[in-house]
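Engineer: Got chain A; can you put chain B on it based on the hints?
Line order of the protein sequences matches chains A and B. Heads up: the first sequence begins at 1 in this note's numbering, then just goes up one per residue. Heads up: the second sequence begins at 1 in this note's numbering, then just goes up one per residue.
The set of hints was computed from the structure by calculation and includes no laboratory data. The beta-carbon is built from N, C-alpha and C at its ideal position, and this holds for glycine as well. Check each hint, because a few of them may be wrong.
What the hints assert, rightly or not - On the chain B side, residues computed to face chain A include the following (Cβ under 7 Å):
#	residue
1	A23
2	I166
3	I180
4	L189
5	R193
6	V196
The primary structure of each chain is shown beneath.
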Amino acid sequence: MKCRDVVELMTEYLEGTLSSTDRARFEEHIAGCDGCTAYLEQLRATRRVLGKLADEPIPEPVKSELLKAFKNWKSR
Amino acid sequence: MARTIIDPELEALKAGDEVAFEAIITRYHGPLMRLAMAYVRDHGVAEDVVQETWLTCLRTLDRFEGRSSLKTWIFGILMNVARARRRKESRILPFASLFRRDDSDSRRPTVDPHRFGSNGLWTTPPDSWSNMPEATVMSREALDRVKVAIEALPEKQREIVILRDIAGMDSDEVCELLAISATNQRVRLHRGRAAVRRMLEEYLQ
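Chain A extracted, bound-state conformation (with noise of 0.2 Å):
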């Protein structure tokens, strides 16, 4: 395997859906391969930053309408 085709193959690989030949050919360039490595580890490292953008506070006003509302609902 060349990082060429790698590289697009990382998101199969985090998703293990690679065969199981295809995933120890992928391990094994991975083992020696920096630049691969430097990659695989910067995917991971987006999705930890996507991640990150869940955390949105819910402001006050608006949780304070929706409890309102869920009372509501509530007592319908």
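Structural biologist: Chain B in isolation, oriented as in the chain A frame:
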């Protein structure tokens, strides 16, 4: 495939448990906002969409039988609300956005081919970020760059990146929600993540 697993959170909601409701709206606020902004762009409009989503959930909760997960149900409602809202406002959409190139389902390279030699090996390998402080990678500015990168993605990739990596759904849930094949899901995720990585790499260089 119908699922009949009892979801304690859904049961609590149906029973009118306010603590459970508050936990859910708090947990999903960020992901729902990001997904809403995938369709309507404007922050204020996205807030309206999220609010309307919760009100729709309450209106239809009694009829929801838990055939999909609670999460998939909520996100599905948001997508309907957001798309309807966008249709209503489509007259003011910038014309250019209709013609944006969409390579979501293509297999073209996701890494600049010039970074490899004719033998297919790296000539300009990426830097290792493992020595970089996590505070730099996760800085406010990096997060803002990533937001911009997401907004620049073609919609098919944007939806999937948000659902998978921000909302934390698994691939089965996303395939069900968007009614797409596992392969399409994976290819779009691959392209979307690669584009966000490129933006981060530019910023962190």
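Engineer: Run through the hints listed earlier and report the numbers of any the structure violates, in increasing order.
Structural biologist: 1, 3
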